[in-house]
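Trainee: Chain by chain, the residues:
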Amino acid sequence: MDPATLGMLLFIISEIMVFGAFFTAYFFIRVVGGAEWPAEGDHLPKLIAGFNTAILVSSSFTLHYAQEAIRKDNRLGLQLGMVATFLLGLTFLFIQINEYVHIGFSPQDHAQGTIFYGLTGLHGAHVSIGLMLLAFVTIRSFRGHYSSGHHLGFEVPGIYWHFVDVMWIVVYLTVYII
Amino acid sequence: MTARLRAPGLPRAGFFLVLGTLFCAAIIIAAREAYGFPVFADGGITTKAQNAILLLSLLIAPLWFLIGLGAFDYWFYWAAGKKERAEDHSGHGATSWTDYFRVNTDHKVIGIQYVVTSFFFMMIGGLLAMLVRAELAAPGSQFVDANAFNGLFSVHASLMIFLFIIPVFAGLANYVLPLMIGAPDMAFPRLNALSFWMLPIAGIMMTASFVAPGGSFSTGWTAYAPLSTSAPLGQMFFTIGVQFAGVSSIATALNFLVTIITMRAPGMSFWRMPLLVWANFSTSLLVVIATPFVAASQFFVLFDYALGFNFFRPEKDGDVLMYQHVFWFYSHPAVYIMMLPGFGIISEILSVKSRKPIFGYRMMAFSLLAIVLLGFTVWAHHMFVSGMQDWIRIPMMVTTAIIAVPTGIKIFSWLATLWKGVLHLDTPMLWALGFLTMFTLGGISGVILAMVPMDIYVSDTYFIVAHIHYVLYGGSLFTIYAGVYYWFPKMTGRMFDERLGKAHFWLTFVSFNATFGPMHLVGVKGMPRRVADYAEEFAAWNLFISLSSFVLGLSTLIFLYNMVSSWRGGPRASANPWRAFTLEWQVSSPPPIFNFDRIPTVVGGPYEYGVPGHVHGIMEPAEEARPKQAAGASSAEEGV
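Chains as they are written, first to last, in my numbering: chain A, 1 to 178; chain B, 1 to 640.
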C-alpha cells in the first residue's frame, strides 16, 4: 500500500476515536444519566436532516463519478464531478447552519443541547475540512493536474470525504432517529 | 530586516505570532461589540475581554507562529494548485547549530531537536519538583501558599508527562528507527517537522501558565472536571497545551506506523525487526487509538469553561464522572505509551551488552501487542473511589492483574537473556539493569494497587506517588538515560565520559531510592498527596525525602555536564563501538545525510550475538548481495 493512503486510513482511525469520545459523552448523558431525549419541549427536525443526509450521501456518488472519470482520462467528467461534489457538500453545511438557527435550543440550555451541538458541530467541522481538501482538488483539476496514471493526490482526500459521509449516517441515526 | 521577515524562519514566526495575537484581539473586540458586550472601560479593555483575547490567542496564535516558521509552506503551495516542483532537499540535514532552529525535514535533526527540547522541559519540571520538595521539607507553610503549591506539582507532572517522557521517546525513535529498518528517512518528513514544532508551543504554554491571571493551573495533570471548568484562566494553558502536544504525538505515531509498514529495507521482515521497532510500532498503535480521547476530554473542558456548555454540569443533566472515563481511557494506555518504547531500548541494550541473543524474541513482540490490547481494558482502576458503578470494579481489578502477565514475560525474558551472558557493565548497561530492578518494584506495587481493598486504603496517599515515580522515573527515565548513553556515540560522533556516566548512575540510583522508597511507608501510614501541609508525625521522613531529592536533582547536573562537554570535545566514536548487529551501527557516526549510501539488504535476525559468522544486514542492494548471502544466511538460520 502506498504511504499516503495508509497514512490517511490510520488518520481516519484517530478520527473515529475522536467521534468515539463524543459518543461516549452522548452515552453517559443519555443512557447512563437517563436524560430525556430530546429535552422536554425540544423538537429535532428528522425530516429535514434526513433530506440533508441524502444530499451528503449523493455527494459520495458524484465524487466516485469524478474518480472514475479521471481513470479514463475524462477531464470534463472530473471537473463536473468535483464541482457537483463541492456544491453538495456546501449545501449540506448551509442547511445544517440553517437548522442551528431555527432549532430553538442552544448548547447552553441543557446537556442534551450540548451533546447535540457537540456531535453535529464536530461533524460539521469535519465537513469543512473535507470541503477544504475538495476545493484544493477542484482547483488542481482545473489547472490540469491528475491523469489516468497519476491521481493519488485525489484518491486520498476522496477517502476522507467518504469517511465524513459514513460518519454522518452514524451521527444522524444516533442523534436524530433513535 | 524585511527580507528576514519574509523568509521562513524564527524572525518571521515571531512577527506572525504578533500578527496572530492582534488578529485574535480584533475578532474578540468585533464580536463583543456586535453582541453588545462591554469591551472598553476606564480607558482600557475590560478584564473579561482581555481574558477572551488571551484564550483565543492560545488557540489561534500558535498556528500563525507555525505558518511564519514555514511549517506549512509546501502545503500552501500544493493547495494553490501550482505546478509540482521536484524536492531539492534544501530543508534536509544540519551543517551548523542554526539548522536546529528551523523547520528541518531530516529525521536525524528532528530526533535531536526532540531530545534536547524535551530534556529542556525536563529541567524545568525537575526544578518545580525541587520547589515542591522544599515546601514539603517541614510541616506547615514554608514559602508558597496552598494554591501556588498545587500549581507547582500540576505543572511539574504535566511537563514531565506531555513534554518529557512521551516526546523524548519519540525523539530517540525518530533518530534511530529509520536507520534500524534501513530507510532513508521517515515516510512523511514535513509532517515530522510540523509535529516537532508543536512541542515547544505546548511546553512554553504550560510553563507560561505561571504568569496567567489567577496563577498557573492547579488541578493536577488529570484536570478533573468540574474543578477544571471553574478554575482561573491558567487552567486553559493546560487544556490547550495538551491539544498541541496531542496533535504532535498523533502525527508522529502515524508517521512511525507508515514508516515501519512501508519503508523497511529488502529482507527486513516483521520477524527480523529489532525490538525497538516493534516497541514503537505498538506504542504508535496506542497513540493513534487512545490520544484522541484526551483531546476530546480537553475540548469538553474548553467548551464548558469558555462557552458555557453543559458536559459536566449535573444541574443541567451533564455527567461529571464522564470526564474521568474519557480521560482515563486515554491516560491509562498513556502509561504504556510512556513505557513500551523503553522496553524496546532495554531489549537492544541487554542483548548487545550481554553478547547473547534476546530470549524469546517472538514472545517479546507478542507481549508488546498483548499489552496494547489489554491496556484498553483497565482504565477504571483509576476510579475505584470515584463513585462509579460498583460492578465495574472487579472486572477492572482482574484485567489489571492480567496485564502483569505480558509484562512478566518481558521481565523474565530479559533475565533469561542475561543468564550466562558476558556482561559488559558500562554506563548503558548499568541503567538497563537499574531499570530491571526498579521497574519490577514499581510493577509489584502496581499489582498491589490493582486490588480494590488495598487501592481504597491508599488512594490519594504518597503510596501512589511512590508507585508512579518507581514506574516513570525508575522505569521510563532509566530507560531514557540508557538509550541516550547507548546512542550518544551514533548521534554525535563522540564518546561520552564513562566515569561521569557511572557516577551519574550510582548517585541517581541511590538517591532515587532514598527519595521515593520512604514514600511507600508514609503513604501506607496515611500521608495524603497533593497537600502542601502534613501532620507532625511525618516530619522526619519528609525531611529525609527532601534532602535525598535534592541530591537526585544534583545528579542530573552530572549528566548534563557529561553530555555537553562530551558533545563538544569528547573522543571521536567509531561507527560501531558496541559491536552491535542492528543497521544503525553499520553506518558512520554520525550517519551520512541520507543514512545509507546504498540500500542495505537484511539477511538474518538482529540479535544473534555469539553465533559464529552471523550477519544481520549487508550494506549492498539485494541483487549484488546475493552471492555473499548464502554463507551468512545459512548460519543465521542455524542460529534461529
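Keep in mind that the hints are not guaranteed to be accurate.
[What the hints assert, rightly or not] Which bits of chain B does chain A cover? Going by a derived footprint, with three or more residues having C-beta under 8 Å, they are: (1) 25-38; (2) 292-303; (3) 322-332.
[Said to hold, decoys possible] Mimicking DSS-like on lysine-lysine, the simulated pairs with C-alpha atoms at most 30 Å apart in a straight line are: (4) B:LYS83 <-> A:LYS72; (5) B:LYS420 <-> B:LYS48; (6) B:LYS82 <-> A:LYS72.
In short, the hints are calculated from the structure, not lab data. Don't be surprised by glycine CBs; every beta carbon is placed ideally from N, CA and C.
Trainee: Each of the hints needs a verdict: does it hold here or not?
Mentor: Do the hints match the structure? See the list:
no.: 1; hint: 25-38; in the structure: violated (count 0)
no.: 2; hint: 292-303; in the structure: holds (count 7)
no.: 3; hint: 322-332; in the structure: holds (count 4)
no.: 4; hint: B:LYS83 <-> A:LYS72; in the structure: holds (22 Å)
no.: 5; hint: B:LYS420 <-> B:LYS48; in the structure: violated (69 Å)
no.: 6; hint: B:LYS82 <-> A:LYS72; in the structure: holds (23 Å)
When each numbered hint is compared with the structure, violations occur for hints 1, 5.
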